[in-house]
Structures are given as structure tokens and as C-alpha cells.
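Undergrad: What follows is the residue order along each chain.
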Amino acid sequence: GAVVSQHPSRVICKSGTSVKIECRSLDFQATTMFWYRQFPKQSLMLMATSNEGSKATYEQGVEKDKFLINHASLTLSTLTVTSAHPEDSSFYICSARVGQGSYNEQFFGPGTRLTVL
Amino acid sequence: AQKITQTQPGMFVQEKEAVTLDCTYDTSDPSYGLFWYKQPSSGEMIFLIYQGSYDQQNATEGRYSLNFQKARKSANLVISASQLGDSAMYFCAIADSSYKLIFGSGTRLLVRP
Numbered sequence: 012g013a014v015v016s017q018h019p020s021r022v023i024c025k026s027g028t029s030v031k032i033e034c035r036s037l038d039f040q041a042t043t044m045f046w047y048r049q050f051p052k053q054s055l056m057l058m059a060t061s062n063e064g065s066k067a068t069y070e071q072g073v074e075k076d077k078f079l080i081n082h083a084s085l086t087l088s089t090l091t092v093t094s095a096h097p098e099d100s101s102f103y104i105c106s107a108r109v110g111q112g113s114y115n116e117q118f119f120g121p122g123t124r125l126t127v128l
Numbered sequence: 086a087q088k089i090t091q092t093q094p095g096m097f098v099q100e101k102e103a104v105t106l107d108c109t110y111d112t113s114d115p116s117y118g119l120f121w122y123k124q125p126s127s128g129e130m131i132f133l134i135y136q137g138s139y140d141q142q143n144a145t146e147g148r149y150s151l152n153f154q155k156a157r158k159s160a161n162l163v164i165s166a167s168q169l170g171d172s173a174m175y176f177c178a179i180a181d182s183s184y185k186l187i188f189g190s191g192t193r194l195l196v197r198p
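Sequences listed follow chains W and V, in order. Okay, so the first sequence: first residue is 12 according to this note's numbering, each after it adds one. Okay, so the second sequence: first residue is 86 according to this note's numbering, each after it adds one.
These aren't lab readings, by the way, just hints derived from the structure by calculation. Predicted model only: the values in this text are computed from it and were never measured. Treat the hints with care, since some could be wrong.
Said to hold, decoys possible - Subject to a maximum C-alpha distance of 25 Å in a straight line, what follows is the list of computed BS3-like cross-link-like pairs (lysine-lysine):
id : chain 1 : residue 1 : chain 2 : residue 2
1  : W       : Lys25     : W       : Lys66
2  : V       : Lys88     : W       : Lys75
3  : W       : Lys75     : W       : Lys25
4  : V       : Lys101    : V       : Lys155
5  : W       : Lys66     : W       : Lys31
6  : W       : Lys52     : V       : Lys155
What the hints assert, rightly or not - Covered stretches of chain W (in silico footprint by chain V; criterion: 3 or more residues with CB under 8 Å from a CB of chain V, positions within the stretch not fixed):
id : region
7  : 75-82
8  : 87-93
9  : 112-120
Unchecked claim - Examples of chain W residues toward chain V, derived with CB under 8 Å:
id : residue
10 : Gln40
11 : Phe50
12 : Thr126
Beta carbons are placed, not taken as given, at the ideal position from N, Cα and C, and that holds for glycine.
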């Protein structure tokens, strides 16, 4: 159990286009989903926290108009990188939390590698 | 604010030997969770082991054990009987009451045959 999927796994786009990344919890309902970004040879940095039916909470320094997050259901959150530029090229990973009270209930997706030309 | 420090950017270990990866943390929250993840070159985050701040015993999961020293705020990962497949990046992370995971900078482990 506790499987999280991401789609697409890899995307290459031209500068100026928008890219949507989906994060789905396949066998559980996720009260909260988190979006992380990882640049090459660096650690994961939390971008935003997403709760179903409410606006996402963004970490300091993350542009909310640039990275649009929609959490339409308990099993799906989407991250849209708007007007992508080469500096947005990164590895984007989502995680989903079951939310039963323990800290150890967060499950990661396989990640999406975005390359902006 | 939470903070994780991993002071070893890279480590080597001989196959079949044990290795310790260091992790220290800082938090003002009395309740928190500590994690170790493995990230191979494919990028996926593989959960290895978890330690709750109120757990009395050190966590163990197969060849992985967590040396939790609360007073020193350290949560070192011990991998016993290293295998070639253990070569990867290893991240220590902390979650506080917000459930956000804050990661350290990581340690790249290379297992030599």
C-alpha cells in the first residue's frame, strides 16, 4: 500500500510554456500533499504544502504565481510551472500524507524531471 | 525553525563492512520525527528508517539502525554489512508538528567491492 504516482516522469519544454505535473495517491486518501524541488547535486527543498480544498501554503522565496498548486481531491494535487524558463529546470517530487497522527505517514512519488530549453 | 546538518558530503566503505552516516538536528519543537532516505541515481526517495522523538529505543530496520542520542541531537544511520547496491545519496530529515520534512544536504556513499 501507500503508493504515490507522478506524471509525467520526464518533460522537456520550450522556454515560456507552462507545464503541469500531477501527483496522485493511488491507494489512500491524502490529507496533505507536499511539493519539493531538487536541483542537481543538492538536497530537496520544500516548495509548498497543499491541503484538499484550500489554497496552498508556499515556503518563503517560492513564487506562488509561478508555481500554481491545485489540490482538487484527496487523491490528486497538481503543480503547474507557468511560463517556464531554463532556471526552472529541476527535479520535482511530491509526497502525500495519510494524516493519522504519526510523523511517519508521508510517502513520496517517483519525481518528475523538468528540462526547459 | 528546524535544521538538519550532515557534515559528510561523501563516504567510502568496503563491501560487507559497516558504515555510519552522521546527522545532527536542531528544533525547538518537543515532538518531532527523524528520517533517513536513500536516493539512487534514478531520483526516487526510498524510506529507510524512522525515529520518533519520544521513542525509547533506537529504531532498526533490517541492516539499518538509527543511533538516536537525544541530548546530543544526533540521529546517525548505521548500515551493517554494506552491499554494492547501497551506493547512493543518503538524506537525513526532520518533521515537526507541521509534518513538513526538512532535509539535510546529504551524504554520497560509495561501496567498494
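Undergrad: Taking each numbered hint in turn, which are not upheld by the structure, reported in ascending numerical order?
TA: 1, 4, 6, 7, 8, 10, 11, 12
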